[in-house]
Amino acid sequence: MARTVWDSSVGKKTVMAVSGLIMLLYLVVHMIGNLKIFFGAGEFNHYAHWLRTVGESFMHYEWTLWLIRIVLVVAVVAHAVSAYQLSRRDIKARPSKYVHRKPRATYATRTMRWGGIILALFIVWHILDLTTGTVHSGGFQEGHPYQNVVDTFSTWYGDTIYIVAMLALGLHVRHGFWSAAQTLGAGSRSRDRALKTIANVLALLLTAGFIAVPVGVMTGVVS
Amino acid sequence: MALEYADFTTGEPVTDTKSPTGPINERWDTRRFEAKLVNPANRRKHTVIVVGTGLAGGSAGATLAEQGYHVVQFCYQDSPRRAHSIAAQGGINAAKNYRNDGDSVHRLFYDTVKGGDFRARESNVHRLAQISVEIIDQCVAQGVPFAREYGGLLDTRSFGGVQVSRTFYARGQTGQQLLLGAYQALSRQIAAGNIEMHPRTEMLDLIVIDGKARGIVARDLISGCIDTYFADAVVLASGGYGNVFYLSTNAMNSNATAVWRAHRRGALFANPCFTQIHPTCIPRTGDHQSKLTLMSESLRNDGRIWVPKATGDQRPPNQIPEDERDYYLERIYPSFGNLVPRDIASRAAKNVCDEGRGVGPGGQGVYLDFADAIGRLGRKAVEEKYGNLFDMYARITAEDPYTVPMRIYPAVHYTMGGLWVDYDLQTTIPGLFAIGEANFSDHGANRLGASALMQGLADGYFVLPATINDYLARHPGHEDITAEHPVVQEVLAETEDRINLLLAVDGDRTPDSFHRELGELMWEFCGMARTDSGLRKALERIPQIREEFWRRIKVPGTGEEFNQSLEKANRIVDYLELAELMCLDALNRAESCGGHFREESQTPDGEAARRDEEFSYAAAWEFTGTGSSPVLHKEDLVFEYVHPTQRSYA
Amino acid sequence: MKLTLRVWRQRNADAEGAMSTYQVDGISSDMSFLEMLDTLNEELILKGEDPVAFDHDCREGICGACSLVINGDAHGPERTTTCQLHMRSFEDGDTIDIEPWRASAFPVVKDLVVDRSAFDRIIQAGGYITAPTGAAPEAHATAVPKPDADFAFEHAECIGCGACVAACPNGAAMLFTSAKVNHLNVLPQGAPERETRVLDMVAQMDDEGFGGCTLAGECATACPKGIPLVSITAMNKEWLRATRKVAKR
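Residue numbers (the working numbering), protein chains in the order written: chain Y, 4 to 226; chain Z, 35 to 684; chain R, 4 to 252.
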């Protein structure tokens, strides 16, 4: 079955849809967690610590977090590899362009590809910046995420990269969620409006929720 | 009155030796029982060529392959799915009697013989009516999405010329759906390796060796390569020849080359003058017109046909009051009204237009008005039934048929004539079979609506696969032939010569200009109404056009490439010969019957008058050379079950 | 009307192609688009030039042969087939670009003619119901609920013209394939081959080199028969269902 799925263009789309939805679910949780920053350093840092101790007693320190990380890495890799292979197939299937070009409604398609690349680059930066601290501006302090976040968003480029990425995320989720529903066969004529609304609301909430943090830092609400 | 016309001679009568005698409802069973069978294990050793992939060819190819024969099939289209059967709109008749409205096999048989104005063979028509029932079963099993009622059962409607509801349909696309069913069955056999399919390949000649059909010459339309293909039997399912008229409802590339080349090789051509003019087509708009579009006859179920009472009435239709309108079909034929058979409806339209009461540009049109139906049923119901047809009309004419009555005018639609075949659908060349519109067999002088699809599928699914066995079983040991065979070489050389000649003339007229000229001539003199003098004029003119064609034709490009002008020109060569035979046949048949209306032969009130004592025969013509006198072989028609009466739809 | 036409000319599959410019005059607004091209071709033949090759046959919008991209739109500006497009959709003095379907699965044969045999092979892979002649049960033996029959019909309307592929930025054949899958899979007669049909047809579609679906929706916009985009969704559902069922066997 895995072979059938991976070998088929429809199957690969399914992989993209499922991995996309996993990431989407994670992002919703991540976004809600981020908002804790507005309740002060103590609460935010405590939340960050809690992430490492979730499920304790049964799970060892950071096990749950690593489990989530592994699932996410698998999802990201599956999503990206499928996207790459499908894009290769698509480009090969339409090698020559029409001489008469029209502004097309392929906006969604094009932003999906570019948006995906932007998001992939962003994830790398984001991890190097706030998880490992490798490219962090100022002194990265393990265990003090509140201060690290404030540091990052105190730089113009930190804000710019983050906000651009979150706008890309909104667009990506907007088409991606609806598209995943179609790929998984959940769409129908009667459900189409509802699915599009959910996609729009999700996209809007995620973008707004994530951008709230740098805006909070810039406006001094968070410092 | 004996006809004095020196340009043909009368030969021996031709008889159908295959039809069993005995009670008519047992003949098909008898024939199937008497026919020899080919052992299933031996079938794959037999190759059958099928030319055409329409309803007849597609269904025949699929069924023969299912039986185990090796089928080699051809179509000029880029895919077998595009054969012109796809354009049939209205429906398919079957004597299912699901409506419990008094229908039966016998009634369908009776209606078809009567509708054909007693010029069809009873045995064949009865078999067709019997098989009609199986066709619906077969198509439903294939997944053809016929219209259904809320209970989930099949819906039917009534169609021109009959008073029962026996027409099964799939909105206005019945032909498409039936054809796709056959195409899918064909596709299954292609995938299974039982059919070798050659799309974009056109048959250009027939190979006859030792008196038997053994193969064809065909041109690959992409490479231009002319090749030979051999088989134990050849089936022509190449459709009708309505495109002789240039403007018709046929597809642009539908052509008569396969049947005409077979005729030239010895197959008799029967009743070439029997052409059907369909009453409900969209009128032409100008000289640029390349083809005519049909509006399904089903429109006559609810639409009312009328013209102004006064001649030259130029007012828009909605300003003409009710009492100044002439609903002429309802007036002349009160019991059938707008549902009279096609030939009658067409001629009536021509008559009112000839009186100067026609509407639209050039006065070549009559109104088909849905105002009453919309008032009675509501716009929504009318939309549901005819929406796609209304849309098509609106697109072509830029008029809204919901508010302005449609304008319609008759157009050439179908040819009842074709290659003469016996009860087994075999032509006079052993091993050459003709099915569907390509043969002459079932519709006599006029075809009833929704019967073409029935005949095509009956021939392809059920008749031919049963009868071809008999031929193949009786000729088991065909010697292998190769391209080196002298006959093959000769046929190939003739074909190549003709192509080269067409390219060599390099004159100053396009293929279309000749086609149009021929079409206009045929429409004027061999169209809806024919006269002795008109036909003689056409017979004088056609050889002149032919001569001019070979002097002035211009075909650009070469033969070794994709060359649509060459394809066209090559088809016109055959039209120019066939047209002559059509006119000759029309001239010989000095009676009116069905779609063939001779002005000299009409009743006092202007209806077609048959002359059974002289013309109760099928006219099968033998070719003797281009421009030389053909030989007429008569097949007497015997009516044991339906006694010829003057058709009355009043 | 007087028009400037820019037409894709390509001698054969292997030759290089380019746009050529032609002027046509005396075009009536009642002409169909193909009749306008006929006019051009008549002139070209008399001038001794090679006429423009294009596929066409029934000219009533049902055979699916005609296939032109007009001003960047498959079948031109109206939602119909090229043969049913009339010149009244254009203005006097317009410049019109005419190109063939573009997709690597549809190689150009000549000028505006392309090879769409890939579609036939997708149907051959499973776009049928196995019902050998003579084996059919009585037509009324199985009732088909009207909504299912209507759903089947709506998808069966596909004419196989390939506009969906031509319009798709990925050259995908999902709409074509889904139309046939949905037509047959919803019917009780199609049930025995329901799983293999969709799996085999999708596999063949991939093998032919069509692109994947990004749900851009261009196909459904271009489809002259109005096959809806949700047709693809329905096929995806069928495909997933089939994959699960076959894995269980």
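Treat the hints loosely; a few may be bogus.
To be verified - Pairs of lysine-lysine, DSSO-like flavour, derived with a Cα cap of 30 angstroms: (1) R/149 x R/248; (2) Y/95 x R/240; (3) Y/105 x Y/199; (4) R/50 x Z/588; (5) Z/343 x Z/52; (6) Y/199 x R/50; (7) R/240 x Z/602; (8) R/149 x Z/414; (9) Z/52 x Z/79; (10) R/149 x Z/602; (11) Z/588 x R/5; (12) R/149 x Y/100; (13) Z/668 x Z/70; (14) R/5 x Y/105; (15) R/5 x R/50; (16) Z/419 x R/149; (17) Z/602 x Z/588; (18) Z/668 x Z/246.
The hints are simulated quantities; they were obtained by calculation from the structure and are not laboratory data.
Now for the hints, and whether the structure bears them out:
1. R/149 x R/248: Holds - the C-alpha atoms of residue 248 of chain R and residue 149 of chain R are around 27 angstroms apart, at most 30 angstroms.
2. Y/95 x R/240: Judged against 30 angstroms, a Cα distance of about 26 angstroms means the pair holds.
3. Y/105 x Y/199: Holds, at about 25 angstroms.
4. R/50 x Z/588: Answer holds: residue 50 of chain R to residue 588 of chain Z is near 10 angstroms, not above 30 angstroms.
5. Z/343 x Z/52: Given pair residue 343 of chain Z, residue 52 of chain Z is violated - Cα atoms ~53 angstroms apart, limit 30 angstroms.
6. Y/199 x R/50: Violated, at about 56 angstroms.
7. R/240 x Z/602: violated, 47 angstroms
8. R/149 x Z/414: holds, 18 angstroms
9. Z/52 x Z/79: holds, 25 angstroms
10. R/149 x Z/602: Distance ~45 angstroms between residue 149 of chain R and residue 602 of chain Z Cα, so the pair is violated.
11. Z/588 x R/5: Holds, at about 26 angstroms.
12. R/149 x Y/100: violated, 43 angstroms
13. Z/668 x Z/70: Within the cut-off at roughly 29 angstroms; holds.
14. R/5 x Y/105: The hint holds at about 23 angstroms.
15. R/5 x R/50: Status holds; Cα separation ~19 angstroms.
16. Z/419 x R/149: Holds, because 15 angstroms separates the two Cα atoms, which is no more than 30 angstroms.
17. Z/602 x Z/588: holds, 11 angstroms
18. Z/668 x Z/246: Distance ~23 angstroms between residue 668 of chain Z and residue 246 of chain Z Cα, so the pair holds.
This entry does not satisfy hints 5, 6, 7, 10, 12, going by the numbered hints stated previously.
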